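We have chain A; now place chains B, C and D onto it with these hints.
There are 4 protein chains.
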Amino acid sequence: MARKIRMGMVGGGRGAFIGGVHRMAAAIDGEIELVCGAFSSNPEKSKLSGEDLYLPADRVYGSYAEMIEKEKALPEGERMDFISIVTPNHVHFGPAKMALENGFHVVCDKPLCFDMEEAHALAKIVKDTGLIFALTHNYTGYPMVKQAKAMVANGDLGEIRKVVVEYPQGWLSTFLESTDQKQAAWRTDPKRSGIAGAMGDIGTHAENLAEYITGLKIEKMCADISTIVKGRLLDDDGNVLLRFENGARGVLHASQISAGEENNLNIRVYGEKAGIHWFQMEPNSLIVRYLDKPMTILRTGVGELYPAAQSSTRLPGGHPEGYLEAFASIYRNFAHCVRAFQEGKEPEPVYQDFPTVEDGVRGMNFIYKVIESGKTDEKWTTV
Amino acid sequence: MARKIRMGMVGGGRGAFIGGVHRMAAAIDGEIELVCGAFSSNPEKSKLSGEDLYLPADRVYGSYAEMIEKEKALPEGERMDFISIVTPNHVHFGPAKMALENGFHVVCDKPLCFDMEEAHALAKIVKDTGLIFALTHNYTGYPMVKQAKAMVANGDLGEIRKVVVEYPQGWLSTFLESTDQKQAAWRTDPKRSGIAGAMGDIGTHAENLAEYITGLKIEKMCADISTIVKGRLLDDDGNVLLRFENGARGVLHASQISAGEENNLNIRVYGEKAGIHWFQMEPNSLIVRYLDKPMTILRTGVGELYPAAQSSTRLPGGHPEGYLEAFASIYRNFAHCVRAFQEGKEPEPVYQDFPTVEDGVRGMNFIYKVIESGKTDEKWTTV
Amino acid sequence: MARKIRMGMVGGGRGAFIGGVHRMAAAIDGEIELVCGAFSSNPEKSKLSGEDLYLPADRVYGSYAEMIEKEKALPEGERMDFISIVTPNHVHFGPAKMALENGFHVVCDKPLCFDMEEAHALAKIVKDTGLIFALTHNYTGYPMVKQAKAMVANGDLGEIRKVVVEYPQGWLSTFLESTDQKQAAWRTDPKRSGIAGAMGDIGTHAENLAEYITGLKIEKMCADISTIVKGRLLDDDGNVLLRFENGARGVLHASQISAGEENNLNIRVYGEKAGIHWFQMEPNSLIVRYLDKPMTILRTGVGELYPAAQSSTRLPGGHPEGYLEAFASIYRNFAHCVRAFQEGKEPEPVYQDFPTVEDGVRGMNFIYKVIESGKTDEKWTTV
Amino acid sequence: MARKIRMGMVGGGRGAFIGGVHRMAAAIDGEIELVCGAFSSNPEKSKLSGEDLYLPADRVYGSYAEMIEKEKALPEGERMDFISIVTPNHVHFGPAKMALENGFHVVCDKPLCFDMEEAHALAKIVKDTGLIFALTHNYTGYPMVKQAKAMVANGDLGEIRKVVVEYPQGWLSTFLESTDQKQAAWRTDPKRSGIAGAMGDIGTHAENLAEYITGLKIEKMCADISTIVKGRLLDDDGNVLLRFENGARGVLHASQISAGEENNLNIRVYGEKAGIHWFQMEPNSLIVRYLDKPMTILRTGVGELYPAAQSSTRLPGGHPEGYLEAFASIYRNFAHCVRAFQEGKEPEPVYQDFPTVEDGVRGMNFIYKVIESGKTDEKWTTV
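Chains as they are written, first to last, in my numbering: chain A, 1 to 383; chain B, 1 to 383; chain C, 1 to 383; chain D, 1 to 383.
Honestly, the hints are just simulated from the structure, not real lab data.
What you are looking at is a predicted structure, and each value in this text was computed from that prediction instead of being measured.
Hints may be right or wrong, so weigh each one.
Identical chains share a label here; the pair holds if one copy fits it or two copies do between them.
EDC-like mimics (lysine to aspartate or glutamate), calculated; alpha carbons at most 16 Å apart, straight line [unchecked claim]:
no., residue 1, residue 2
1, 230, 272
2, 47, 117
3, 191, 219
4, 220, 378
5, 4, 33
6, 4, 52
7, 182, 272
8, 4, 51
The following block holds chain A by itself, in its conformation from the complex (with noise of 0.2 Å):
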């Protein structure tokens, strides 16, 4: 008979933000079932945790290693399928590395790790086993952004010329990192984060959903990339220019210091024949402008729209679809071809629409490329 797909957790204990996203995207389409989880290095923290989950204390573990042994050697039928990653930058690589080599598949948060250098040595771990990787760049889950590029990539917009894509955010205003505020710390540690704060948080978001919608590489970039915030070790501001492959322009800004933005993800393209304009905060609304007839707003689960995004679309229109759902689009499509891979099946293609870690890499060095142009006084960086 078949069953739900199994998932261990790496991190997200009591206090984090983003594991507690993952475990309500991962629940809401009754695919997948959280069968265990290694929820912090601190093993008391661990357990309890696993507690709140209602998880038997024999699948708590107090280390991501301890649950990767300890779970391999159960029976087929029982142990995890894969492992979720929501932990810090810095403790992306070694469980991921771990759990593919142990015969696991991989769900991994964004930035896809902490440098350059374990970016592609995952990649390449992920390319031998031939296993699953899924990034969680949970915004190409919107059944918009799916349309969006959809309606690009059937030439609905013409030849692509201009690309404006923004992620203001306003939390960071101050210095709260001397707080103990959890998210703001980690996110402003170089130890943790990396060699970026704004750009690697979020500028990684933008630029993905640039290349993800548009179907274009980024060529060139040129940075100014500042921190605002005194005292702050990290870019909490960043605005970019960019060259598509194509030729296309584009400007591309992150920043944490915009006073007052909550999550304002928000992109435009603009094509030979028209126009598109999609905002995160409204998500199921994508706004479509033409040369030469009436602007039309298409909706979530409204009317004719592309496979991509009907399928990632669960409720008829005006029934408002949230950033779980996307984020949930991610682990479903994860979970369908889990499920292929397991019966030795081709996935459907609608399926084979999640984040890779080929994207994984590309965004990290985006990251490095765009850091590297806010120092320097070329004018353009070569991506």
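For chains B, C and D alone, kept in the frame of chain A given last:
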């Protein structure tokens, strides 16, 4: 060790809409697991639906009666704790009554029942058994709706003077029930839906929302109830003048023939000092307009909000929560109350916040009175 | 040589609101010049107001009667062509009658008169004199309102089924007339305003807009008319069910106690095939929702619009036109008709588009019937 | 007796766009009258245009030189007080110089001149003559723009950290200048427009708006300037990184090939304490987002606003003021200054608020520097 609360589902087999919504909503917060179901009155269809949901074959039943009997016979540590009823209106009372009389708590989709007689009978059974009963007037689960209710209760608006609540949809603009569209078929069929169409399906949501937020009962109403589409057997449009118990005036209109409208439930409440406006289709904003200062927009997860709003918020500001999350809050609160019941404790006040059988009786009474008002030449019908 | 059309103003002296609006509206298109005025019943105040407006002292009068007499005595090439009446309601009939009877065309602010008797008498005078009379239901001057009317007339929506028209304001939420606020004082005074407050001041705009756009007459209504603020002498809130001549259902509500609302006139019209939504506060957009294709937003000055919309558009798309421009379109169309009258020609059809004395009579009748409906226990009052 | 200020117009004949805008804007507030014009370099066309405007034939001239000479010869009580220059860029300097040197004040459309040399020369003439010169950077005339400026000046946002200013249009997405579209033709022609296309036409508005609101000068910029449409002779897209004198970061982008965009000028300014957002296409709202309290939306005419905002507001809240009213505020303020000049008085401070020749020089310098930056491989170009 604590465990998840166990759900058995009645209805919601292949091709259903609201059953899937209930399952996703119940899953999100990790407090509930689906353990069994009688997904269809067709046993073969029920079996296939159970397989889709990865349930063991012996927990998938051919009827709700069989489910309740067999689950009751299971050991306490294994059997379901409650049933979730997601069938058309004429199959609410039967399973609810039998479940309660056999010691199972109940979640039931709205409206409560097929007719007033059933409604009163069911309320009595709930009272007599002392078990927990939740009605899924899901729109009350949105954080900003809870914020609105708390603002009114705290006097932030002053005495309430006027309420405008709307629920326009357009999906029944054509004679859709002549096709094989399952949702249209039963909702427009008096044998399955009861005496009302639009007023029962969505008018009752509007009534519930207005009373929930204002804390005021509707005292009198004057309704213009119509069937616009030829051949239709039940109302598809209704416009109603309201008088609330405190003298406040109101307008309620609900429609399924408002061409092009998706699911545009919205409400405005005006008091002596301020007015609020909430739209279901952009649910994370609550517009507050004042007599003498700039309008503000309260946002889910942003700044200081009342505890009821905070407790039903899962994500930071700018990460949109949608329909499923609001629905989930009803399940989550219900689950906490079931757990407290099992532990012989009083649930925390914040969890005692979901629509009850009494709200369901009020809703049924609204349906009867509004249909009565639509037929009479008397201006005012007392509720 | 062609010359501008000459306006004399009645009312609109220092401290008035709507007089200035009329002057700005008349000036915008360069077709009209203000040549004289009786700006106040107080001759000294009239004189000072004339100085503010750079008028020669001998063209500033102490009363409308004096103005009409003395202007009539001026040579044809010099005297005013029409009067613009911007006084409170009880001073509409007098100057209108005298002007018409002395050969001057008339622009009059709404509502038409103080009572029905005056209204009928005035309509007869207009008919008898054959002169041109415009009533400033200014909201019909917006390009997107004209577009909406043309869409309905051309069947773009199919048969009309439902209309929702709203006019919420909040400025009379307190007992403002107890202060020296001039606008509040006369509008709430039955001796100057007539039998209605909110329904006369703004309800009549809503009625006019609904009939203008749909081309349908209201046949029956059922009203709940209230005075919410203690001490107030006239209604400040009204909620009305409507039946149109073709059987369409409707809701009209207007209020001056909707706390925090600015001037939120808006209308939705739903037909068999599509629905439209227009908001006065963002007047350059017309939302069109379809049964079976994506919603579109028509915009002033963008793409192909109906001729009536184009003819009242002054600027390219994205250059917002506002309240004064819509108001100006009435003056401009009126001026073209006056010029054609003077030249003994038939005005171009596109200019024969402004509210007439007949609309004014309908508006007065609406006021009477809605107040009557508010007082009766009969459900439906026939218009 | 006081009289209106008298305007003579240069350009703006039949078929022109901006001339009509200037005339409407000058007319709205009743402070200015059009008394003469040289509407075209074609005397016959000028004559016909004058007739359209109801001007006497002897005040319609065949050239600006003729107009200035003949008007100067008229008695003081009759001749024009100022000229309004609404010609393409290459015909700004000539009439401005001659008017000033003959004692006439000047209103001039932007950008100031054809090239830097003219700009500096003109600034010197203005200084030497002591006459009044206004440049119609009309977007600074909006009440909410003035509110934004006042908020920054009063420290309501704290120290400014980041500015994002955008001006996307789509009307030149095709090679429109190959048709007989007059607006496209001169704007894309280096002989009439100067060295820049989009950056001169609209980029300079964006630059002016950013400096006007923030009170900060741009110190350095890094530009990517492109000509996207094949065959076009000037730039149609530009993306620019900015550094302001206080260290604030910025992004400016302007485009005429952003398909489907109307006239979407908008600006965000983020400070230490709050951020503001203003959109030209919905100009009566100013969004203010705070670090620690709910976002508010300030509205034209609603509540307490700074004096500069109030003084340029003509209507109560909810009565939308648009593009023409904002444009009119520049003319009105200019007219008051001319009147004060004539009376030998100091104008009230609230009227000394319009763009000057100095702003025009800055704008020309911006155009030159941004084009220079677009051509160099140096990252930063100092302004």
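Against the structure, the hints come out as follows:
In this assembly of identical chains, the alpha carbons of residue 230 and residue 272 lie at most 16 Å apart only when taken from different copies (12 Å versus 44 Å within one copy). For a Cα distance limit of 16 Å, the shortest separation of residue 47 from residue 117 qualifies neither inside one copy, at 33 Å, nor across copies, at 51 Å. Within a single copy, residue 191 and residue 219 get their C-alpha atoms no closer than 29 Å, and across copies no closer than 35 Å, so neither meets the 16 Å cut-off. In this assembly of identical chains, residue 220 and residue 378 lie within 16 Å of each other by CA distance both inside one copy and across copies; the values are 12 Å within and 15 Å between.
Taking the closest pair of Cα atoms, residue 4 and residue 33 come within 16 Å of each other both inside a single copy (6 Å) and across two copies (13 Å). Proximity of residue 4 to residue 52 under the C-alpha cut-off of 16 Å is restricted to the inter-copy arrangement: shortest distance 10 Å between copies versus 21 Å within a copy. In this assembly of identical chains, the alpha carbons of residue 182 and residue 272 never lie at most 16 Å apart, being 46 Å within a copy and 22 Å across copies at closest. For the homomeric pair residue 4 and residue 51, the shortest alpha-carbon distance between copies (11 Å) is at most 16 Å, but the shortest distance inside one copy (21 Å) is not.
Hint compliance for this structure: hints 2, 3 and 7 are broken, all remaining hints hold.
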